[in-house]
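Starting from the structure of chain D, add chain W where the hints point.
From first to last, the protein sequence lines are chains D and W. Just so it is clear: in the first sequence, position 73 is 72 by numbering that gives the first Met the number 0, and no numbers are missing. Just so it is clear: in the second sequence, position 185 is 184 by numbering that gives the first Met the number 0, and no numbers are missing.
Hints were generated in silico from the structure; no laboratory data involved. Cβ atoms here follow ideal geometry from the backbone N, Cα and C, with glycine treated the same way. Certain hints may be false.
[Said to hold, decoys possible] Negatives, chain D to chain W, calculated, CB over 10 Å:
{"no.": "1", "residue": "2"}
{"no.": "2", "residue": "4"}
{"no.": "3", "residue": "37"}
[What the hints assert, rightly or not] Listed next, the in silico PhoX-like pairs over lysine-lysine satisfying Cα-Cα at most 20 Å (straight line):
{"no.": "4", "chain 1": "W", "residue 1": "14", "chain 2": "D", "residue 2": "67"}
{"no.": "5", "chain 1": "D", "residue 1": "6", "chain 2": "D", "residue 2": "38"}
{"no.": "6", "chain 1": "W", "residue 1": "50", "chain 2": "W", "residue 2": "72"}
{"no.": "7", "chain 1": "W", "residue 1": "72", "chain 2": "D", "residue 2": "71"}
{"no.": "8", "chain 1": "D", "residue 1": "45", "chain 2": "D", "residue 2": "6"}
{"no.": "9", "chain 1": "W", "residue 1": "139", "chain 2": "D", "residue 2": "67"}
[Said to hold, decoys possible] On the chain W side, residues computed to face chain D include the following (Cβ under 7 Å):
{"no.": "10", "residue": "21"}
{"no.": "11", "residue": "125"}
{"no.": "12", "residue": "176"}
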Amino acid sequence: MGKFFLKCEEASHVCDKSQYRESSFVERIKLTFHLLYCKVCRGYSKNNSKLTSCIEKSKVTCLDESAKKEIKENFQKELVKY
Amino acid sequence: MSHGKDPNHIIDPNKWIDRYSDYLYNYTITRVNDKEIALDIIQDTFFAGLKSMKNFKGEASERTWLISILKRKIIDHYRKINSKKGKAEVRMNYKSELDSEGDWLEEQVPDNSENNAEESLINEELGSAILNCLSKLPKKQAQVFKMKTIQGYDTEIICNELNITASNLWVIIHRARTAMAMCLKDNWF
Chain D
0 MGKFFLKCEE ASHVCDKSQY RESSFVERIK LTFHLLYCKV CRGYSKNNSK LTSCIEKSKV
60 TCLDESAKKE IKENFQKELV KY
Chain W
0 MSHGKDPNHI IDPNKWIDRY SDYLYNYTIT RVNDKEIALD IIQDTFFAGL KSMKNFKGEA
60 SERTWLISIL KRKIIDHYRK INSKKGKAEV RMNYKSELDS EGDWLEEQVP DNSENNAEES
120 LINEELGSAI LNCLSKLPKK QAQVFKMKTI QGYDTEIICN ELNITASNLW VIIHRARTAM
180 AMCLKDNWF
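So that you can see chain D by itself, here it is in the shape it has in the complex (with noise of 0.2 Å):
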């Protein structure tokens, strides 16, 4: 389980993880009491949420890799024309 005080760059990181659903319990706890004294911190996680609402929200979606590749591929072969 380790110690109960997270350093900064623990916590931001069990920050991050929570954003993505994969942090423990434990560690959500730890999160929590460290945010209670840590204000950079806090700030950070408060971004971080926000960041991963605006996400959910925009419903935003990229291509694939795959058919980005395959668009890239067909460009190049038109771009020689030019």
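Here is chain W on its own, set in the frame of chain D:
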């Protein structure tokens, strides 16, 4: 190749795919709802861009210019499916022919979205802002962030694909999230 006066408005097709393909895809998929069709339309758009490159005056940014081509391609797509569907089936006569003259054909396609238009418009702008910020990140950071956050791949899959360790991944994610938050902060937080 023609160059505008504004240095930001120079055309460089070599970078189009890396810079704009996600942006164009996101724009298209919300309008046509089909991945394959969206990919075809994007490909057509880039080809059309090459063809009319010499007409690029540098009055708008490259991205805006490509979007204007894309919009025409999307309209063409709806024209095509509208004429395929058979007239009797889809013609909606809530307006007389005369009234709708000059209107976009898209308006005659049923709108399935239940949420209000304003909200989806804001979310679309937000989506563009996200992709714009993403295009400013270093390539590797952008790629990892995209796979993890937007496409939702598992850490393990990304690590295998890109040949990095899990702790590498989390360092990259941390840098990317910090940069993305900075970039979006002023307008969206």
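Task: Agreement of residue 50 (chain W) and residue 72 (chain W) with the hint, judged by alpha carbon distance not exceeding 20 Å - done: The hint holds at about 14 Å.
Task: Straight-line alpha-carbon gap residue 139 (chain W) to residue 67 (chain D), limit 20 Å - done: Holds - the C-alpha atoms of residue 67 (chain D) and residue 139 (chain W) are around 15 Å apart, at most 20 Å.
Task: Status of residue 2 (chain D), Cβ more than 10 Å from any chain W Cβ - done: 19 Å, holds
TODO: Classify the label on residue 4 (chain D) as holds or violated, using whether its beta-carbon is more than 10 Å from each beta-carbon of chain W.
DONE: Given that every Cβ of chain W is farther than 10 Å from that of residue 4 (chain D), nearest at about 20 Å, it holds.
TODO: Assess, step by step, whether the Cα of residue 14 (chain W) is no farther than 20 Å from the Cα of residue 67 (chain D), and give holds or violated.
DONE: 13 Å, holds
Open item on the list: Does the closest beta carbon of chain D sit nearer than 7 Å to the beta carbon of residue 21 (chain W)?
Closed with: Status holds, d = 4 Å.
TODO: Against chain D, run the beta carbon of residue 125 (chain W) and see if the smallest gap drops under 7 Å.
DONE: The hint holds - residue 125 (chain W) has a Cβ within 7 Å of chain D, the shortest such distance being about 4 Å.
- [ ] Find the nearest Cβ of chain W to the Cβ of residue 37 (chain D) and say whether that gap is larger than 10 Å.
- [x] 16 Å, holds
Task: 20 Å Cα cutoff - pair residue 72 (chain W), residue 71 (chain D) - done: Judged against 20 Å, a Cα distance of about 19 Å means the pair holds.
Task: Restraint check for residue 6 (chain D) with residue 38 (chain D), where alpha carbons must lie at most 20 Å apart - done: 13 Å, holds
Task: Hinted pair residue 45 (chain D) and residue 6 (chain D), Cα distance within 20 Å - done: Roughly 18 Å separates the two Cα atoms, so the pair holds.
Task: chain D contact restraint for residue 176 (chain W) - C-beta distance below 7 Å - done: Interface hint status for residue 176 (chain W): holds (6 Å vs cutoff 7 Å).
Violated hints: none; the structure is consistent with every hint.
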